[in-house]
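Each chain is listed here by its residues.
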Amino acid sequence: MRPFDYVRPSGMPEATREASRAGSAFIAGGTNLLDLMKLEVMAPDRLVDINRLDMGECSATPAGGLRIGALVTNSDLAADEHVRRDYPLLSRALLAGASGQLRNKATTGGNLLQRTRCYYFYDTSAPCNKREPGSGCSAIGGATRLHAILGASEHCIATHPSDMAVAMQALDAAVEIENVEGQTRSVPLSDFYRLPGDTPQVETVLGSGDLITAVVLPAPVKGSQIYRKVRDRASYAFALVSVAAVVGVEDGTIGSVALAFGGVAPRPWRDHEAERILAGERPSDELFARFADEILREARGQGGNDFKIPLLRRTLIATLQSATDESR
Amino acid sequence: MHTQLTINGENHDLEADERTTLLDALRQHLRLTGTKKGCDHGQCGACTVIVNGRRINSCLTLACMHDGDEIVTIEGIGTATDLSVLQQAFLSADGFQCGYCTPGQICSATAMLEEVKAGWPSHVSDRLDGAPELSDEEIGERMSGNLCRCACYPNIVAAIRAAAGSAA
Ligand SMILES: Cc1cc2nc3c(=O)[nH]c(=O)nc-3n(C[C@H](O)[C@H](O)[C@H](O)COP(=O)(O)OP(=O)(O)OC[C@H]3O[C@@H](n4cnc5c(N)ncnc54)[C@H](O)[C@@H]3O)c2cc1C
Ligand code: SF4
Ligand code: FES
Ligand code: FES
Numbered sequence: 001m002r003p004f005d006y007v008r009p010s011g012m013p014e015a016t017r018e019a020s021r022a023g024s025a026f027i028a029g030g031t032n033l034l035d036l037m038k039l040e041v042m043a044p045d046r047l048v049d050i051n052r053l054d055m056g057e058c059s060a061t062p063a064g065g066l067r068i069g070a071l072v073t074n075s076d077l078a079a080d081e082h083v084r085r086d087y088p089l090l091s092r093a094l095l096a097g098a099s100g101q102l103r104n105k106a107t108t109g110g111n112l113l114q115r116t117r118c119y120y121f122y123d124t125s126a127p128c129n130k131r132e133p134g135s136g137c138s139a140i141g142g143a144t145r146l147h148a149i150l151g152a153s154e155h156c157i158a159t160h161p162s163d164m165a166v167a168m169q170a171l172d173a174a175v176e177i178e179n180v181e182g183q184t185r186s187v188p189l190s191d192f193y194r195l196p197g198d199t200p201q202v203e204t205v206l207g208s209g210d211l212i213t214a215v216v217l218p219a220p221v222k223g224s225q226i227y228r229k230v231r232d233r234a235s236y237a238f239a240l241v242s243v244a245a246v247v248g249v250e251d252g253t254i255g256s257v258a259l260a261f262g263g264v265a266p267r268p269w270r271d272h273e274a275e276r277i278l279a280g281e282r283p284s285d286e287l288f289a290r291f292a293d294e295i296l297r298e299a300r301g302q303g304g305n306d307f308k309i310p311l312l313r314r315t316l317i318a319t320l321q322s323a324t325d326e327s328r
Numbered sequence: 001m002h003t004q005l006t007i008n009g010e011n012h013d014l015e016a017d018e019r020t021t022l023l024d025a026l027r028q029h030l031r032l033t034g035t036k037k038g039c040d041h042g043q044c045g046a047c048t049v050i051v052n053g054r055r056i057n058s059c060l061t062l063a064c065m066h067d068g069d070e071i072v073t074i075e076g077i078g079t080a081t082d083l084s085v086l087q088q089a090f091l092s093a094d095g096f097q098c099g100y101c102t103p104g105q106i107c108s109a110t111a112m113l114e115e116v117k118a119g120w121p122s123h124v125s126d127r128l129d130g131a132p133e134l135s136d137e138e139i140g141e142r143m144s145g146n147l148c149r150c151a152c153y154p155n156i157v158a159a160i161r162a163a164a165g166s167a168a
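Residue numbers (UniProt numbering), protein chains in the order written: chain A, 1 to 328; chain B, 1 to 168.
Isolated chain A (complex conformation):
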């Protein structure tokens, strides 16, 4: 690990000010950042430890939703009474990720910002546009089992590895951000991540010094909530494909519907346009197949990940079947 300065700010203004200095990085749980620092994939000059800031609580919002502090651990969030009752999808996604030990450390903010698990991103001897802009992408033409079938570019085909973020995407979450001037803004999760294009090193809309203070969920919508994760092992493995679904059926037709997909794209994938195919229709396998066609219209395999196209198709159809089961 390269040497760094360690600072422990006593409040948000100091934290954002410290972090806005070149070469600085926030550290929360540290479970992703320290892993990458040991390998020198990331080498910040100074670590701004935010663990003692006041961002560790969940609270109900006036709109009937939930505000989740950026430091709420993945364990606490999964076990939170409010989340278990109103957003079971989120509990399920969190519980499907990492291990008991890691979830005790991993935080809400850090989970959103965890970096890709692309093998070449981790291998500092391999060219990688995300790690070293302009050096090339070793994954294209290489091992691509973990890589994207949607939203990739000729410069980077990495996937975002989070389970939590996929659930939050289906729940229409918004990210609350405080900047170095002390102003707070709210960015819908669907606008938070940037697609790689020709700048795969830029992953989100965050600017220098920007601190995630919370994630806000709107009031829960009625319907069944399902998180289905497919992976190489039954536990303690990243998703090859995952589907987060919120589907409400009323009088035999689909009312509210929100679907997000993990393991397949540089960000939790959601296609609001395609969801219109489902809204107002009677659930049927034929309908689900049409929806899958639309989601996968622009899907492209890279060789090692070709299997993800039929796998996502089957997983999403199976998830829709279970979500609408009682009404069929």
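I should point out that these hints are in silico values taken from the structure, not numbers from a laboratory.
Everything numeric in this text was worked out from a predicted model, so none of it was measured.
Glycine is no exception: its CB is placed at the ideal position from the N, C-alpha and C atoms.
Don't take every hint at face value.
Claimed, not checked - Here are some of the chain B residues that sit facing chain A, going by a computed Cβ distance under 7 Å:
1. Arg-19
2. Gln-28
3. Leu-32
4. Gly-53
5. Arg-55
6. Thr-61
7. Cys-64
8. Met-65
9. Trp-120
10. Arg-142
11. Ser-144
Unchecked claim - Just so you have them, the derived chain A footprint on chain B, three or more residues with Cβ under 8 Å:
12. 3–10
13. 128–140
With chain A fixed as given, assemble chain B with the ligands onto it according to the hints.
Below, chain B with the ligands alone, put in the same frame as chain A:
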């Protein structure tokens, strides 16, 4: 950098480089070598310790981030003459072969049983509410962050099942 840690009830003043992980602080600086280093990347669980009541991987956290924290390592769970219920259960059920993963398994299981008592669900729980039942499948899932290269899994599960039963 100075860090104050309470380890197994004893106060320790650590003077170490900022880069020192909690795992290296325990093993190299404080000579508490019961905690093991397997992968050093959060993938095996050999380094599991209990910090402020929660099990964590000590390899993926910096010692300086834990100023003022209370840490329990395997040395604080029991001794050769005063074994914890879980330690005795691992012996009785033959829950290890080489023993390298065992301190991590026992620290992890100790805290895991508290999580179950607190009603935390797991990935394999049918329901998110109510008291979780500690089936073998539940034990396997909740302990999946602890790998055993000797593959003693059946006996590890048996040991934890026995310890949980006798504690109840
Ligand atoms: C072996 C292993 C298996 C795993 N399996 C899974 C899995 O199956 N599914 C899954 O989803 N995840 C998995 N993970 C990843 C894990 O979920 C992440 O490491 C964790 O969520 C990161 O959170 P953290 O608080 O530790 O982040 P940190 O490591 O502290 O930070 C990560 C990044 O976020 C930034 N940051 C943190 N907090 C803030 C904030 N409030 N504002 C602005 N920036 C911030 C940091 O600067 C850093 O760049 C696994 C990890 C490991 C090691
Ligand atoms: S896919 Fe992205 S992260 Fe992986 S090697 Fe290519 S540029 Fe780097
Ligand atoms: S040594 Fe920490 S998890 Fe392997
Ligand atoms: S007993 Fe040898 S690694 Fe578990």
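Going down the list of hints, with the structure as the test:
1. Among the interface hints, the one on Arg-19/B holds; its C-beta lies about 5 Å from the nearest C-beta in chain A, closer than the 7 Å criterion.
2. This hint is violated: Gln-28/B has a C-beta 14 Å from the nearest C-beta of chain A, more than the 7 Å allowed.
3. With its C-beta approaching chain A no nearer than about 18 Å, Leu-32/B sits outside the 7 Å limit, and its interface hint is violated.
4. With 7 Å as the threshold, the beta carbon of Gly-53/B stays out of range of chain A, its nearest partner Cβ sitting at about 10 Å, so the hint is violated.
5. Annotation: Arg-55/B was flagged as interfacial toward chain A, and the flag holds, the nearest CB pair being 5 Å apart, inside 7 Å.
6. Taken as an interface hint, Thr-61/B checks out: its beta carbon lies about 5 Å from the nearest beta carbon of chain A, inside 7 Å.
7. A cut of 7 Å between beta carbons decides the hint on Cys-64/B: the least distance to chain A is about 6 Å, and the hint holds.
8. A hinted interface residue such as Met-65/B counts as satisfied when its beta carbon comes closer than 7 Å to some beta carbon of chain A; here the least separation is about 6 Å, so the hint holds.
9. The closest approach between the C-beta of Trp-120/B and any C-beta of chain A is roughly 5 Å, which is under the 7 Å cut-off, so the hint is satisfied.
10. Annotation: Arg-142/B was flagged as interfacial toward chain A, and the flag holds, the nearest CB pair being 6 Å apart, inside 7 Å.
11. Of the supplied interface hints, the one on Ser-144/B holds, with its beta-carbon coming within about 4 Å of a beta-carbon of chain A, less than 7 Å.
12. Judged by the Cβ-Cβ criterion of 8 Å, the region 3–10 of chain B is not covered by chain A as claimed, because only 0 of its residues qualify and three are needed.
13. Remark: the region 128–140 of chain B is confirmed as covered by chain A, as 3 of its residues place a Cβ nearer than 8 Å to a Cβ of that chain, reaching the required three.
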